[in-house]
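Chemist: Protein chains in written order, with the working numbering: chain A, 1 to 267; chain D, 1 to 259.
Simulated from the structure, these hints should not be mistaken for laboratory data. Don't take each hint at face value.
[What the hints assert, rightly or not] Which chain D residues face chain A? A few, computed with CB under 7 Å, are given here:
#1 131
#2 143
#3 147
#4 247
#5 251
Just so you know, even glycine gets a beta-carbon here, dropped at the ideal spot from N, CA and C.
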Amino acid sequence: MAAVRERHSDDAPLADSSRATVALRDIHKSFGSNHVLRGIDLQVHAGEHVVIFGPSGSGKSTLLRTINLLEEPDSGSVRVDGIEYGPGVRGEPRGRRGDRRDLRKQVGMVFQQFNLFPHLSVLDNVTIALRRVKKLRRDEAEHRAARQLDRVGLLDKIGAYPAMLSGGQQQRVAIARALVMDPKVMLFDEPTSALDPELVGEVLAAMRDLADTGMTMVVVTHEMGFGREIGDANVFMDSGVIVEQGGREIYSDCREERTRAFIKAVL
Amino acid sequence: MVAQVTFDWSVVTDNVALYYSGVKLTLAIAAVSFVLATLMGVVIALLRLVRNPVISAAMATYINVFRAIPLLVFILFIYYGVAIAFDLDFLTAIQAGILALVLQYSAWLGEIFRSGIQAIPKGQREAALSVGMSRPGTFFTITLPQAARIVIPPTGNMLIGMVKDTSLVYLLGVSELLRVTNLLANRTFRYFEVYLATVAIYLLLTTTIYYGVKFLERRYSVVDVLSEIKRSRSPLARRRLARLRTLQETVQGGATAAT
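Please model the entire structure based on the sequences and the hints provided.
Modeler: Below you can see the structure in the form of structure tokens.
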């Protein structure tokens with residue numbers, strides 16, 4: 001495990017860490033006796049598209065959910081856009097602790113199950129945070145929301161309710177709902193896993209468009225083809241550690257046997 | 001033994017005002033008790049879900065105790081037992097009845113509301129938190145409105161039960177519908193006619209509530225809202241649609257102008 005961490009720090013020199021949009025340092029997380037994350041270091045730089053892959057139960061989703069603190073680390077620190085949170089790295093003096101909500105405001109998240117608010121119209125799903133969190137006037141909020149929905153091709157659905165939309169449309173609304181808050185980084189937690197196969201394409205297309213705008217993205221996905229296409233940095237996780245990370249070449253030429261075995265099995 | 005075959009309905013028609021006064025008091029007791037029980041039920045549900053184990057256990061005990069006692073026993077205990085033993089002169093019979101109904105129904109409603117809140121998937125809360133909403137904000141705008149829709153049918157059942165259960169306070173000498181009926185029957189000896197009218201009145205009251213609840217259920221069912229709005233010719237619905245159309249046109253116009 002130590003070797004892995006050392007190699008990782010070769011990939012991303014410490015000098016860079018202060019400029020990273022997202023910096024995770026020595027994250028540990030357990031659920032009961034299940035040690036899910038065992039010392040994760042990860043940096044995501046502005047404009048970078050990070051793809052996280054690995055077998056189920058490897059801790060990918062937990063890692064992603066730690067970035068916006070839906071899971072709070074047992075130890076280690078999370079920093080997003082200069083806001084630091086977490087109990088701190090073991091053996092270091094504890095730094096100042098930022099506000100959890102301030103950190104979350106910098107991070108957009110798209111969930112596997114969409115998690116749209118079923119009692120609100122499509123438009124209200126996208127305006128609610130603008131009004132409640134950013135305290136925008138209704139007109140302003142609705143214009144921003146409608147523009148964002150137009151971008152994902154759903155302007156004609158603003159009056160509909162989530163239950164009236166297909167899964168692909170719901171997921172695109174969810175993307176708009178996250179984007180409208182102008183996050184510094186977007187997290188995608190297996191965004192196409194709950195979709196019918198013929199609806200996967202439209203969601204991937206929306207994500208591809210987003211990647212083209214230079215948005216910083218962290219994507220947990222089983223769509224290896226898509227991962228290979230957009231991933232600037234590709235992270236392979238297994239049993240709660242980052243086994244290996246690298247550029248696109250990782251898919252054809254990786255260093256670790258475990259990575260090779262996984263890629264061979266899924267591609 | 002010969003069954004009574006001639007009915008005399010004048011005993012009912014002559015006493016409409018009397019029935020009316022009984023119905024009014026029945027409904028007043030039910031309404032006051034139900035509003036108070038609902039408010040208390042919400043508080044109990046929230047405290048039950050608090051992470052503090054002492055508070056949560058206290059609420060569980062409250063629910064257990066008040067659900068376990070038969071309502072009639074409880075009403076008599078509060079009025080004749082507690083109020084008289086402790087010299088609570090200020091407690092009138094009506095108030096004692098309301099108190100008993102509120103304590104017991106708030107326990108039932110508390111359980112209903114708790115289950116409604118817990119039925120909302122965790123992902124709803126997470127999605128709200130992920131866009132930066134506060135915990136209270138998430139509860140009041142995301143969890144509570146959805147939970148309220150879920151609990152409409154069982155809460156409606158409780159309201160129907162409440163209207164019927166107000167009849168138990170007749171034993172404290174409160175002149176609600178049942179007591180009025182009882183006195184009239186004893187005076188006129190036309191038991192069948194007098195009680196049948198009361199049966200019909202209770203049926204009418206509870207059926208009305210039933211349809212009211214059904215209406216609410218439809219009105220607030222998530223999927224139907226839009227079709228309801230489309231169908232509706234209310235000025236409010238038309239204004240909403242017009243707003244959305246203007247918004248779409250503005251954004252579309254802006255987008256084409258930009259390209």
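Chemist: Go through the numbered hints given earlier and state which of them the structure violates, listing their numbers in rising order.
Modeler: 2 and 3
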